[in-house]
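S.K.: Please arrange chain X on chain E, whose structure you already have, making use of the hints.
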Amino acid sequence: MDSTIIETFNLSKIYRLKRKGKKILALNDVNIAIKEGEKFGLLGPNGAGKTTLVSILSTLIQPTKGYAIIDGYNILQKPNQVKNKIGLMLGRDMIYHRLTGYANLKFFCKIYEISDYKEKIKNIAKELNLKKWLNEYVEKYSTGMRVKLSLCRILLLDRKILFLDEPTLGLDIKTTNFIVEKMKKIGKTIFLTSHNMNVVEKLCDRVAFINNGNILKVGNKTDFKNFMEKGIKIDIGIYQKKDKLKLELDQQDFIIKTKVIENGLIIYLKERKHYKDLFSILNKYLVYKLREEEMSLEQLFLKII
Amino acid sequence: MNFFKILRRSILKTSAITEKNIQMHLRWKYTILTAYFAPIITILMPIIVLNKFFEFNTEFGPWTAQNYIVFIFIGYIIMLLRRLVNEIPAELRREKFYKTLSALIVAPFNRFYLLIGYLLSELFMISIPVIIFFVLIFLFYPISFFTILFVISLVIGISLIFAGMGFIIGIFAVSNENIWSIMGFIINLVFWASCVTYPYDLFPNEIKIFINFNPIYFIIDILRWTWIENDIILTITQHPIHIFVFIIFLIIVPIVGVYIFNLIYKKFGISGY
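These protein sequence lines are chains E and X, in that order. Note that numbering that gives the first Met the number 0 numbers the first sequence so that position 239 is 238, with each residue one more than the last. Note that numbering that gives the first Met the number 0 numbers the second sequence so that position 166 is 165, with each residue one more than the last.
Worth flagging that the hints you see were computed from the coordinates, not collected in a lab. It cannot be assumed that every hint is accurate.
[Unchecked claim] Pulled a few chain E residues facing chain X out of the computed Cβ check, cut under 7 Å: (1) 59; (2) 82; (3) 83; (4) 87; (5) 89; (6) 98; (7) 106; (8) 109.
[Stated by the list, open to error] Restricting the straight-line Cα-Cα distance to at most 25 Å, the calculated cross-link-like pairs of lysine-lysine (PhoX-like) are: (9) X:98 x E:77; (10) X:98 x E:159; (11) X:4 x E:84.
[What the hints assert, rightly or not] Residues from chain X that face chain E, not an exhaustive set, calculated with beta carbons under 8 Å: (12) 11; (13) 19; (14) 22; (15) 23; (16) 26; (17) 97; (18) 98; (19) 99; (20) 101; (21) 102; (22) 104; (23) 106; (24) 107; (25) 108; (26) 265.
Computed from a predicted model, the values in this text were never measured in an experiment. Ideal Cβ positions, reconstructed from N, Cα and C, are used throughout, including at glycine.
With the rest of the complex left out, here is chain E (with noise of 0.2 Å):
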């Protein structure tokens, strides 16, 4: 779990446009490292850059400036080494409509050299509920299936790290839970780009977050944590002088923000040390009510940005 198996140094990516000559800064200067064994997520919103980084480190494209080293090989010098590695899964696609489910794990196995293929294709489709769906064409399987289908197919490359672009783009609430709970099993190295939050904090060990091409800021989900703690949202419920409340509040310097609400307020305090300043506060009132709101990661995500 120690050692470094994914290292990008200033990676960028300028895509040119043809017309006006115009230039589109898709990376700049990213540099991240990622352990063996970790799974590690990118959050950004569309066109932040995640499916950019994700083909860069799988080869697909090249980068404009920088370099990254894949379990002891650079991409730029040793690609062939580098795909001996990876498996990539670009969201449901990457499988051919045209074909069986199970043609199309048999071609890849083929391809990727993968002996035995006829079992391991049985157990990994039994595994993800996909087994009597083999034998069908894959244009009629549901976007769930084909999600299921791609995993599958990448379960079976058998490779020492998976690069996941948006892997649950489209799915409900229930297959996706199904998917991450898979994936959580895996122990393999992940990297999983997405912008849903829950998948994101479901899955991953650490989590970058991206947005026009800049890493703005990587941590585990503690770092996160300590950072949500700098702006504690507290929702007070209050019958009587509410706005008096609101006032002396507001002349703390401890309280970052207030708003009235129906019945109460919700308030924002700087850290959590400061509760002992808040309750002296409170006690003068006759508060019923005092509610801590944790902050998930989309609302961190949207501080963040």
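M.R.: Chain X alone, transformed into the frame defined by chain E:
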């Protein structure tokens, strides 16, 4: 790694691509049936026109009323083989839209396997009409066993050249559709001036100059000469330029095809989803 291991790996991966392509073609079987009949429509007009000429004992070089069916039927076979030039780009575009091309690009295998895989699957798909038409030509104009073997070698060689051309056009079909459409037009022009459907001697002198610089003409023509001369040594000695162009293109086009595929992909990637 020893030679046999590499050979086994090459066969395994090439056969995987071939099998996959055949299965995909057979998903919609009528499409391939119509592809068999389309060249028949194309050769109908030359049959009518040439037949009219031959009624007046006209001759176009070696082609007479007795043997022009060899010319026409070989033309049909060439047009079936031409599918390689058109189908490989079409197939690569399909792969592009389903992002399976990305899956192939990140897979650890040589692009030659891809080229040969496409070639073998296309040859398999057109094998039935090709065999039928060769049998028909044989019935009209029999040739020796050795000539048959030489003809088969030439057909495989022509297929490889066409597959290489298809591969070159194919990479532009996935990276720059402007260049792809221009190349498609040039290919149409080159095939028009390659005497597939009408004999060389029928063309006016101005167009003959263009034909004389057209390598596809030589590549196709050698197949016809081999059949009607029915003497391999004679064909090689009488048509050294044809043989030279054929061999050079057989070596260069597939290698250049794979090289350009890798080069263009590396430089421009896939665009135009």
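S.K.: Run every hint past the structure and note whether it holds.
M.R.: Now the hints, each set against the structure:
1. 59: It holds, given that the least Cβ distance between residue 59 of chain E and chain X is near 6 Å, below 7 Å.
2. 82: holds (4 Å)
3. 83: Interface hint status for residue 83 of chain E: holds (5 Å vs cutoff 7 Å).
4. 87: Because about 5 Å separates residue 87 of chain E from the closest Cβ in chain X, which is inside the 7 Å limit, the hint holds.
5. 89: holds (5 Å)
6. 98: holds (6 Å)
7. 106: Because about 5 Å separates residue 106 of chain E from the closest Cβ in chain X, which is inside the 7 Å limit, the hint holds.
8. 109: OK, holds: residue 109 of chain E within 7 Å of chain X, min 4 Å.
9. X:98 x E:77: holds (23 Å)
10. X:98 x E:159: holds (22 Å)
11. X:4 x E:84: Since the Cα atoms of residue 4 of chain X and residue 84 of chain E sit roughly 21 Å apart, the hinted pair holds (cutoff 25 Å).
12. 11: Since the shortest Cβ distance to chain E is 6 Å, the answer is holds.
13. 19: holds (5 Å)
14. 22: Since chain E brings a Cβ to about 6 Å from residue 22 of chain X, closer than 8 Å, the hint holds.
15. 23: Because about 4 Å separates residue 23 of chain X from the closest Cβ in chain E, which is inside the 8 Å limit, the hint holds.
16. 26: holds (4 Å)
17. 97: This hint holds: residue 97 of chain X lies near chain E, its Cβ roughly 6 Å from the closest one there, short of 8 Å.
18. 98: holds (4 Å)
19. 99: Holds, because the Cβ-Cβ distance from residue 99 of chain X to chain E comes to roughly 6 Å (cut-off 8 Å).
20. 101: holds (6 Å)
21. 102: Check passed: Cβ of residue 102 of chain X comes within 4 Å of chain E, closer than 8 Å.
22. 104: holds (6 Å)
23. 106: At 5 Å from the nearest chain E Cβ, residue 106 of chain X passes the 8 Å test, so the hint holds.
24. 107: holds (4 Å)
25. 108: holds (6 Å)
26. 265: Given a least distance of 7 Å, the restraint on residue 265 of chain X holds.
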